[in-house]
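Enquirer: So the sequence shown is numbered by the working numbering: it starts at 1 and just counts up by one.
No lab work stands behind these hints, which were simulated from the structure alone. The model shown is predicted, which means the values in this text are computed figures rather than measured ones. We treat Cβ as the ideally placed atom computed from N, Cα and C, and that holds for glycine. Be aware that one or more of the hints could be misleading.
[As the list claims (entries may be wrong)] Computed Cβ-Cβ distance ranges for the label pairs, DEER-style:
1. N99 x V130: 36 to 42 Å
2. Y11 x E51: 42 to 48 Å
3. A61 x L105: 18 to 24 Å
4. V130 x R84: 20 to 26 Å
5. K43 x V131: 24 to 30 Å
6. L105 x E40: 34 to 40 Å
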Amino acid sequence: MVAYYPPLGFYYKVEFGISQMSNDVRFQTVSGLAVEYDYESFKEGGENRFEHKLPVRTKYADLVLKRGMLTDSSVIKWFLDAFRDRIFEPASVNVILMNEKGEPLRTWKVAHAIPKKWQISDFNANESAVVIETMELTYRYFTVQS
Numbered sequence: 001m002v003a004y005y006p007p008l009g010f011y012y013k014v015e016f017g018i019s020q021m022s023n024d025v026r027f028q029t030v031s032g033l034a035v036e037y038d039y040e041s042f043k044e045g046g047e048n049r050f051e052h053k054l055p056v057r058t059k060y061a062d063l064v065l066k067r068g069m070l071t072d073s074s075v076i077k078w079f080l081d082a083f084r085d086r087i088f089e090p091a092s093v094n095v096i097l098m099n100e101k102g103e104p105l106r107t108w109k110v111a112h113a114i115p116k117k118w119q120i121s122d123f124n125a126n127e128s129a130v131v132i133e134t135m136e137l138t139y140r141y142f143t144v145q146s
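Based on the provided sequences and hints, a complete structural model is requested.
Expert: Here's what the structure looks like:
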C-alpha cells in the first residue's frame, strides 16, 4: 500500500510583501526556484589524473512569474517604480505550494527580490489570446519551510 503521493504543482500562490491585493497572488507559472554552487578548480602538482573542485559560493536563478495582465496591481506599480523612476525597493516574496485543502504544504521565502525584467505578450488581431505579462525578479537567496 502506497502511503505517500508527491504533491501536485498546480495549486500555489505567490505573496508579495509589498501587496495586499488579492489578484497579486495568482500566477499562471512560477519558475526559477533553483540554487547551485560555483566551484573553483585546483590542479595538484605531480597528480595529473584529476583536479580538485571546491565549492565557492551559491548562485540563485532568477524568479520568473507569468500571469494574465492586470490593470490594477501593486506589483506592477513596484515594477514601474523601478523601471520608470529607478526606485529599487527590495521586497520579500513567498511562493506557497498548497495541499488539496488549501493549506500551505511548503513555502519558499525569497529574500531581497527586485525587478529585473517586465514583458508583455505580443498583440495579434488574428488570435483571441489573453495578454500575458512576464515578470522576472533577481533575489539574494531563498529558504524553504514545511
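Enquirer: Please go over all the hints and tell whether each is borne out by the structure.
Expert: Going down the list of hints, with the structure as the test:
Distance hint check: the CB atoms of N99 and V130 are about 28 Å apart, inconsistent with the given range 36 to 42 Å. Between Y11 and E51 the beta carbon distance is about 45 Å. The supplied range of 42 to 48 Å therefore holds. Between A61 and L105, the C-beta spacing of about 22 Å keeps the proposed range 18 to 24 Å intact. Here the CB-CB span from V130 to R84 is close to 25 Å, well matched to the stated 20 to 26 Å.
Between K43 and V131 the Cβ separation comes to about 53 Å, which falls outside the hinted range of 24 to 30 Å. Taken as a hint, the range 34 to 40 Å holds for the pair L105 and E40, whose Cβ atoms sit roughly 37 Å apart.
Of the numbered hints listed earlier, those contradicted by the structure are 1, 5.
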